[in-house]
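Enquirer: Chain by chain, the residues run as shown.
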Amino acid sequence: MYVAVKGGEKAIENAHAWLAEERRGATDVAELSLAQIREQLSLAVNRVMAEGSLYDPDLAALAIKQARGDLIEAIFLIRAYRTTLPRFGHSNPVETGEMACDRRISATFKDAPGGQVLGPTFDYTHRLLDFKLAADGDVPKVPEGSARQEPTPHITEFLKDEGLIQDEPTSDDTPGDLTREPMEFPANRPLRLQSLTRGDEGFVLGMAYSTQRGYARNHAFVGELRIGKVAVEMDIPELGFAIDIGEVELTECETVNQFKGSKTEPPQFTRGYGLVFGQSERKAIAMALVDRALRWKELGEDNLGAPAQDEEFVLSHADNIQATGFLEHIKLPHYVDFQSELELVRKLRREADARITSKEVAE
Amino acid sequence: MTDQTEFAIGARRDWMGLLARAPDDTLMTLWDGIETRPSFDWLRRPEIGSVMVRGRTGGTGAPFNLGEMTVTRCSVVLQDGTVGHGYVQGRLKPKAEAAALIDAMMQTGAADEVQARLLDPLQQHMQAVKSTRAAKAAATKVEFFTLVRGED
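Order-wise, the sequence lines are chains F and W. Last residue of the first sequence: 403 in the working numbering, with the numbers rising by one and none dropped. Last residue of the second sequence: 140 in the working numbering, with the numbers rising by one and none dropped.
Bear in mind the hints are in silico, worked out from the structure with no lab data behind them. Treat each hint with caution, since some may be false.
[Unchecked claim] Here are the simulated distance ranges between beta carbons:
no., chain 1, residue 1, chain 2, residue 2, range
1, W, Val130, F, Arg167, 17 to 23 Å
2, F, Ile52, W, Ser119, 26 to 32 Å
3, F, Pro277, W, Asp12, 23 to 29 Å
4, F, Glu278, W, Asp12, 56 to 62 Å
5, W, Asp12, F, Gln252, 29 to 35 Å
The C-beta atom is built at its ideal place from N, Cα and C for all residues, glycine as well.
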């Protein structure tokens, strides 16, 4: 029997009023503006854009404010908003080789053309709390060098020229889109990359770390990591040609991995690929490692039974909005379900008690 | 296609791209400085939507869907029949309107004025911002030097 009950409207209304007050915090402390969040918590904004799968820093800042800094809640808000937008179309694939790089490093080639450009990195900081930041926000004058005029070439291009790395042949195939059609397995690489780039950073990081610890180890080097802005170009039907419709900041990671060769391929390096909205290098490196682990079948490698090789496991659990939706729904009222389970347990207990009693009487 | 039309397409592509990428406040301030604006009718009123941004596997391979970005677009027609299209990043409808009107005006006798008073300063501002970032990046380029050579 299903019993519908109604109630709690007043309680819900009051809870939301209190939520708004708690969100604001103490009113003698200045209120955060969206511009402050966008400018000063930019890596949180980047994460919300990447996993919300919508590049719009102002919207991400609003979502972070509304969610009281709960980034998964903020990502949820962005995903929900995204579904209300009409889609005008798709861009041409971005040219990451044309990126205006803020940062570009290689762990494999010290003297790569374009050099090792550190950019505004946390690397080489001592990770000691800086109490000066608590007192004031003074910033040092940033030194300037002589700017590079030409684009920075991809490092894997050099290995490719020698034939030492597996090629990534260009195609103009239309990629599947998991926001339009539910994911089916086996998924191809474009779908896997779409799933990973919007996947939860912590989950993708954990999966990547598992490959480093030995679960389907694939000996990755960071061939190249670059962060910067690229123009986004789209064909406009009413014009009959393509124009830039904006520009986005991206983090791109290409790993170079050992490969013993297979029946059809000589020994060579292979690649893992990560590309993420914003400055998100932990996520981009992790994405590249997981991408490489998931490529075992097409590269003719053994299935070692490692979690990171199991695309159904990885891709079905990478999305934090799906995960949190299912996880958190169990806190919503399940009174009737639970009532029936309660009845069942009581009945079993009565029967068990009866058996014990009758046994004692027999003795 | 003649060289002439290819040249015209190239120029239009440049100004439309510049307007799409322009920072909101910079463009709107410059647009406020243009006093003589043509009257127009809407062909398409400003609408906010998204565009799916694509990347390529390995940077060069097959396309994949990376995620969407917000875009606002609109189209206008001037009294003389000139059509202007605005496609700009973000959700600012007045910016899309300005972009469409500028696109239309650039196809009329107002082109020189719009170029000199709006597009040129906008281009210079955006180039300066970009150059400053590139110069800061250049200052973080690692210069390696040899500590010890192991020959002895």
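Enquirer: With reference to the structure, classify each hint as holding or not holding.
Expert: Each hint, compared with the structure:
{"no.": "1", "hint": "W:Val130 / F:Arg167: 17 to 23 Å", "in the structure": "20 Å, holds"}
{"no.": "2", "hint": "F:Ile52 / W:Ser119: 26 to 32 Å", "in the structure": "54 Å, violated"}
{"no.": "3", "hint": "F:Pro277 / W:Asp12: 23 to 29 Å", "in the structure": "26 Å, holds"}
{"no.": "4", "hint": "F:Glu278 / W:Asp12: 56 to 62 Å", "in the structure": "24 Å, violated"}
{"no.": "5", "hint": "W:Asp12 / F:Gln252: 29 to 35 Å", "in the structure": "43 Å, violated"}
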